[in-house]
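Asker: Sequence:
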Amino acid sequence: MNYNVNKDGFYGEFGGAYIPEILYENVENLKNNYLEIIEDPEFKAEFNALMSDYVGRPSPLYFAARLSETYATKIYLKREDLNHTGAHKINNTIGQILLARRMGKSRIIAETGAGQHGVATATVCALAGMCCIVYMGETDVARQHLNVQKMKMLGAEVRPVNSGNKTLKDATNEAIRDWCRNPSDTHYIIGSTVGPHPYPDMVARFQSVIGEEIARQLVEKEGRDYPDRLVACVGGGSNASGTFRRYLHDPRVRLVGVEAAGKGVDTAETAATITIGQKGVIHGSCTYVMQDDDGQIIEPYSISAGLDYPGVGPLQAFLASTRRAEYFAVTDDEALQAAFELTRLEGIIPALESSHALGALRKIGFEPGDVTVLTLSGRGDKDMETYIRHYQSQPL
Numbered sequence: 000m001n002y003n004v005n006k007d008g009f010y011g012e013f014g015g016a017y018i019p020e021i022l023y024e025n026v027e028n029l030k031n032n033y034l035e036i037i038e039d040p041e042f043k044a045e046f047n048a049l050m051s052d053y054v055g056r057p058s059p060l061y062f063a064a065r066l067s068e069t070y071a072t073k074i075y076l077k078r079e080d081l082n083h084t085g086a087h088k089i090n091n092t093i094g095q096i097l098l099a100r101r102m103g104k105s106r107i108i109a110e111t112g113a114g115q116h117g118v119a120t121a122t123v124c125a126l127a128g129m130c131c132i133v134y135m136g137e138t139d140v141a142r143q144h145l146n147v148q149k150m151k152m153l154g155a156e157v158r159p160v161n162s163g164n165k166t167l168k169d170a171t172n173e174a175i176r177d178w179c180r181n182p183s184d185t186h187y188i189i190g191s192t193v194g195p196h197p198y199p200d201m202v203a204r205f206q207s208v209i210g211e212e213i214a215r216q217l218v219e220k221e222g223r224d225y226p227d228r229l230v231a232c233v234g235g236g237s238n239a240s241g242t243f244r245r246y247l248h249d250p251r252v253r254l255v256g257v258e259a260a261g262k263g264v265d266t267a268e269t270a271a272t273i274t275i276g277q278k279g280v281i282h283g284s285c286t287y288v289m290q291d292d293d294g295q296i297i298e299p300y301s302i303s304a305g306l307d308y309p310g311v312g313p314l315q316a317f318l319a320s321t322r323r324a325e326y327f328a329v330t331d332d333e334a335l336q337a338a339f340e341l342t343r344l345e346g347i348i349p350a351l352e353s354s355h356a357l358g359a360l361r362k363i364g365f366e367p368g369d370v371t372v373l374t375l376s377g378r379g380d381k382d383m384e385t386y387i388r389h390y391q392s393q394p395l
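First residue of the sequence shown: 0, per numbering that gives the first Met the number 0; consecutive thereafter.
In short, the hints are calculated from the structure, not lab data. We put the beta carbon where it would ideally sit given N, CA and C, even for glycine. Zero decoy hints are in this set.
Derived Cβ-Cβ restraints for the label pairs, each shown as a range:
#1 Pro19 <-> Pro40: 31 to 39 Å
#2 Cys179 <-> Ala71: 52 to 60 Å
#3 Ala267 <-> Lys43: 40 to 48 Å
#4 Asp265 <-> Ala125: 42 to 50 Å
#5 Thr321 <-> Val280: 19 to 27 Å
Using the sequences and the accompanying hints, generate a full structural model.
Answerer: If you want it as structure tokens, here you go:
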């Protein structure tokens, strides 16, 4: 089976570009030119140089010895938390700012939930000397205050959004409205593998550096270029898509995605789209969506601002529908427990998003000889207030 996007922007029955007419020319221009631009040798050279000298790649592949002992298997952590800005998001924003410049755009907009994509976008806009506006739900502005201050220090304008649940979905809505008002000079740097084609494919290509590095690093550490299993958290799916992309057609590798169960998939407070969602259209793409019987979006909930989204990228929807990947839903409490376990076993404080991936380790049936690579998508600095608030009575 082919797991790559087709010429019309679909992964099987998922994907496409469902957009207002005013954005048609913009999206068509992007679709018709992005592959030629990013395959250009000069573009590749500039992108790779920034990945190395600015972002700090390759990120380490770290053998977590004490975590491995706990689960009686071999666990490696792909340390995206050590990138400049503290997450995998910078891989995509570097690529998109170079793309925007080549397409003659002078104004950048973005959405953000946990703030990491907002910080990464503000960072590359400062680097390129471009105007930057970041939309962020008021709920997330409050719980990710540190990242808001970083964005402002970097010169970005942060526009709080007070509609809906005041989280990532609503920030995305406002960013799209802005793009509709300013289509000619504005490039929308979408932070995940969501939105209309070509964004899901384009973002996955920029993030595929994760999986490509894993392959090279495993040769050195294990004498082979593939693991038995890859594990990554899934909100929209950018770090999971980047981790999985090299291995989509390799049946030796089991793919495991982990989404946010919130208070539980059987409650009204969850963001487990793949688990409970139905096929629908959100933000320009056909995918799994949390919706009621009338097709209205159900507001998601997660302790993690980066996973608090009622949809999922079309690639992840296709991988789920074809059972190429397995998906687990991890609750707030399970993610918090996993975060403290990693901190105390390995001295690494993960982002809440990554903590959900770690929370799935208790649900996976390991064989002793398995080699598992888990992408640690971000560091936990931004989440310290949440960690402390939920564990005030425990020694840190």
